[in-house]
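Participant: Starting from the known structure of chain B, fit chain D onto it as the hints suggest.
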Amino acid sequence: MAYNMKKVIAETPSRFTEGHRMCAGCGAPVVARMVMRAVKTEDHAVVACATGCMEVSTFIYPYTAWTDSFIHTAFECAGATLSGAEAAYKSLKRQGKLPEDEHTKFIAFGGDGGTYDIGIQSLSGAMERGHDMVYVCYDNGAYMNTGIQRSSATPKFADTTTSPAGKVIPGKMQSRKDLTQIMVGHHLPYVAQTIAVDNFKDLYEKSEKAIYTEGACFLNVLSPCPRGWGYPTDMLMEINKLAVETCYWPLYEVTNGVYKINYKPRNKRPIEDFLKPQKRFKHMFKPGNEWMIEEFQKEVDTRWQELLDLEAMTNKGE
Amino acid sequence: MSIRERLSGNEAAATAMKQINPDVVAAFPITPSTEIPQYFSTFVANGTVDTEFVAVESEHSAMSACIGAEAAGSRAMTATSANGLSLMWEMIYIASSLRLPIVMSLVNRAVSGPLNIHNDHSDAMGVRDAGWVMLFSENNQEAYDNLLMAHRIAEHKDVLLPLMVCQDGFITSHSIENIELEEDEKVKEFVGTYKPEHYLLNRQEPIAVGPLDLQSHLFEHKAQQANAMRNAKNVILEVSKEFEKMTGRKYGLFEEYKLDDAEIAIVCMNSTAGTTKFVIDNLREKGVKAGLLKIRVYRPFPGEEVAKALSHLKAVAVLDKSDSLNAIGGALFSDVTSSMFTNGVQVPTVNYIYGIGGRDTTSTQIESVFSDLQEIVKTGKVENPYRYLGLRKEEK
Chain B
1 MAYNMKKVIA ETPSRFTEGH RMCAGCGAPV VARMVMRAVK TEDHAVVACA TGCMEVSTFI
61 YPYTAWTDSF IHTAFECAGA TLSGAEAAYK SLKRQGKLPE DEHTKFIAFG GDGGTYDIGI
121 QSLSGAMERG HDMVYVCYDN GAYMNTGIQR SSATPKFADT TTSPAGKVIP GKMQSRKDLT
181 QIMVGHHLPY VAQTIAVDNF KDLYEKSEKA IYTEGACFLN VLSPCPRGWG YPTDMLMEIN
241 KLAVETCYWP LYEVTNGVYK INYKPRNKRP IEDFLKPQKR FKHMFKPGNE WMIEEFQKEV
301 DTRWQELLDL EAMTNKGE
Chain D
1 MSIRERLSGN EAAATAMKQI NPDVVAAFPI TPSTEIPQYF STFVANGTVD TEFVAVESEH
61 SAMSACIGAE AAGSRAMTAT SANGLSLMWE MIYIASSLRL PIVMSLVNRA VSGPLNIHND
121 HSDAMGVRDA GWVMLFSENN QEAYDNLLMA HRIAEHKDVL LPLMVCQDGF ITSHSIENIE
181 LEEDEKVKEF VGTYKPEHYL LNRQEPIAVG PLDLQSHLFE HKAQQANAMR NAKNVILEVS
241 KEFEKMTGRK YGLFEEYKLD DAEIAIVCMN STAGTTKFVI DNLREKGVKA GLLKIRVYRP
301 FPGEEVAKAL SHLKAVAVLD KSDSLNAIGG ALFSDVTSSM FTNGVQVPTV NYIYGIGGRD
361 TTSTQIESVF SDLQEIVKTG KVENPYRYLG LRKEEK
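Going line by line, the protein sequences match chains B and D.
Numbers 1 to 318, taken from my numbering, label the letters of the first sequence in order.
Numbers 1 to 396, taken from my numbering, label the letters of the second sequence in order.
Chain B on its own, in the form it takes in the complex (with noise of 0.2 Å):
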């Protein structure tokens, strides 16, 4: 059925309420809200979150911003306590002490530092195991709950409160880590990367697939902040936009190893349109700084390519 925005916001109540304290311009809660919104409204979901700032913020005792059951334990576990949560699902369910005809389905939140970083063990593990449980990253690119620490989801030469411009080393040195690849080398069912862009299609059909496909998916969701990225908190929609129309965030999925690419912009914009509204790229716009720019817009390519070439790879002889 094609995806309607206003028909799935009217007919799915939201199941992450508001009175939360995330920041406003935030990209997180927008995609918390549309992935749970993918649940079905008959069926139970339980919900486990890393330690950062979507746990801080949306669970300050004694209020929660979950309607449906929710944990948090650690930072680095989200992976790991929400497959001991559904191991106790089918041990229950296969012992006959959980009514058969209902369903809970089990996804997991994390930002870039709880899932590229500190729980990518956890992380690696569950998704090895295969639970049948989603694993959602939004990605921010920074440790931003302890101030804007950088990752290894960080962009190269982004300016972080660990990796600031100064003036001999312009900002961080190192490549982002492509964790969408490394999900993609576990041969999952549904591994897929999107953002909150054109009323949320994207977004809300791939939560969809992840969360009724069975066994282990996992989500990749670029998740705009704009503390740690200096944007104008009104702007985050566009940021989002950009991301995509810059090939900087490609939107693509990989079902059974086959991939897909959601979406190929027709003018691919130049990365100064996504680098440029961000203050953490400040000092790339310098006089002199020209060969900065030139090297992203060129690792941007390369991983672009690289990505038009695995679609051709898996889609032969179809």
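Any given hint might turn out to be false.
Unchecked claim - Not everything, but these chain B residues come out facing chain D in the computed CB check (under 10 Å):
#  : residue
1  : 49
2  : 57
3  : 68
4  : 70
5  : 74
6  : 75
7  : 91
8  : 100
9  : 121
10 : 128
11 : 208
12 : 212
13 : 258
14 : 261
Said to hold, decoys possible - DSS-like cross-link-like pairs, simulated, lysine-lysine; straight-line CA separation at most 30 Å:
#  : chain 1 : residue 1 : chain 2 : residue 2
15 : D       : 250       : D       : 289
16 : D       : 286       : D       : 314
17 : B       : 40        : D       : 195
18 : B       : 260       : B       : 209
19 : D       : 378       : B       : 90
20 : D       : 186       : B       : 97
21 : D       : 18        : B       : 93
22 : D       : 241       : D       : 277
23 : D       : 186       : B       : 93
24 : D       : 195       : B       : 93
Because the hints were derived from the structure by calculation, they are not lab data.
The beta carbon of each residue, even a glycine, is placed where N, CA and C say it ideally should be.
Facilitator: Below, chain D without anything else, positioned relative to chain B:
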């Protein structure tokens, strides 16, 4: 009718777990407890148990998965040793603060470093303030019995705390001894089914677990945890009494061996109690009034009861199989002496750090402790209360 068997400590623990038939077991192998998940996965593979076995990629994940499973509304168990427990450390505190009655079989081994795979109690001592009920076991029988009682204690509404059953690595875990097992049906009935009040999988009442808990509430939550630990003492006694009715095997907070009329005594935990009993029997033949107080329940620490049981003695030696590296003595020594002090018991007490990294503890060494105690009684003085037992002289 109990069943007579011959099992190692690890086999005894795995057998108890099989009979308990938990919903979830999440574990990662580490010497000397590795056999427990090995035996258990065989039970799973053969359909002997209903358990979902989660072969996690680390101990940190083992405890995280146990937390997830227990919070979801199922019974979760694990087994580990030494560095495995160290890696779990963060989650050990979280398990207890979330009031989840997870049960662990801890096969005690020296925590690195340097690396050592043999027995001492440094792993358990590292989590002594984490809010877990901690039961120690002298032999395979006690490891088995303590596990059968574990869920009844941990899941009691006045407790709701995780619980670990300790046994000595290799010395107990790999030694085959006689054991009395209970019939499956009797164990099933004794352990009962787990009926949590609030749990994640209850869609009728969704709950949120593990909040950001700030200045306004954390203190009260910690006080509730402390209170649960206090409550555990009576619950342990009640459950032990019921267990005695079923098996004839009697358990208290600690065991007193020839302590009634003793003048000098050793306080220790786990397998060393066996050696100590042997030495006491020999000394008694020579007319030496020696006794033993073997701690079973280390957390909650039965301070008042211990102090009372030691009050009539002329000298006491506390044996610590872990050095606290604090320049004043081991953890058990601190617990025993502070309990004596606060209960107005003044008995000369001395501490021995012993058996570190699996150093063999011989009956001759235990005899030397008793003769030191006789010396203390004679002189009335304790010179250097923080001593070593079995340390080579040149390395002192």
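Participant: For each hint, tell me whether it holds in the structure or not.
Facilitator: The hints, checked one at a time:
no., hint, result
1, 49, "8 Å, holds"
2, 57, "8 Å, holds"
3, 68, "5 Å, holds"
4, 70, "4 Å, holds"
5, 74, "6 Å, holds"
6, 75, "9 Å, holds"
7, 91, "4 Å, holds"
8, 100, "14 Å, violated"
9, 121, "6 Å, holds"
10, 128, "8 Å, holds"
11, 208, "20 Å, violated"
12, 212, "18 Å, violated"
13, 258, "27 Å, violated"
14, 261, "32 Å, violated"
15, 250/D - 289/D, "24 Å, holds"
16, 286/D - 314/D, "18 Å, holds"
17, 40/B - 195/D, "28 Å, holds"
18, 260/B - 209/B, "14 Å, holds"
19, 378/D - 90/B, "66 Å, violated"
20, 186/D - 97/B, "21 Å, holds"
21, 18/D - 93/B, "19 Å, holds"
22, 241/D - 277/D, "24 Å, holds"
23, 186/D - 93/B, "25 Å, holds"
24, 195/D - 93/B, "15 Å, holds"
When the structure is compared with the earlier hints, violations turn up for hints 8, 11, 12, 13, 14 and 19 and for no others.
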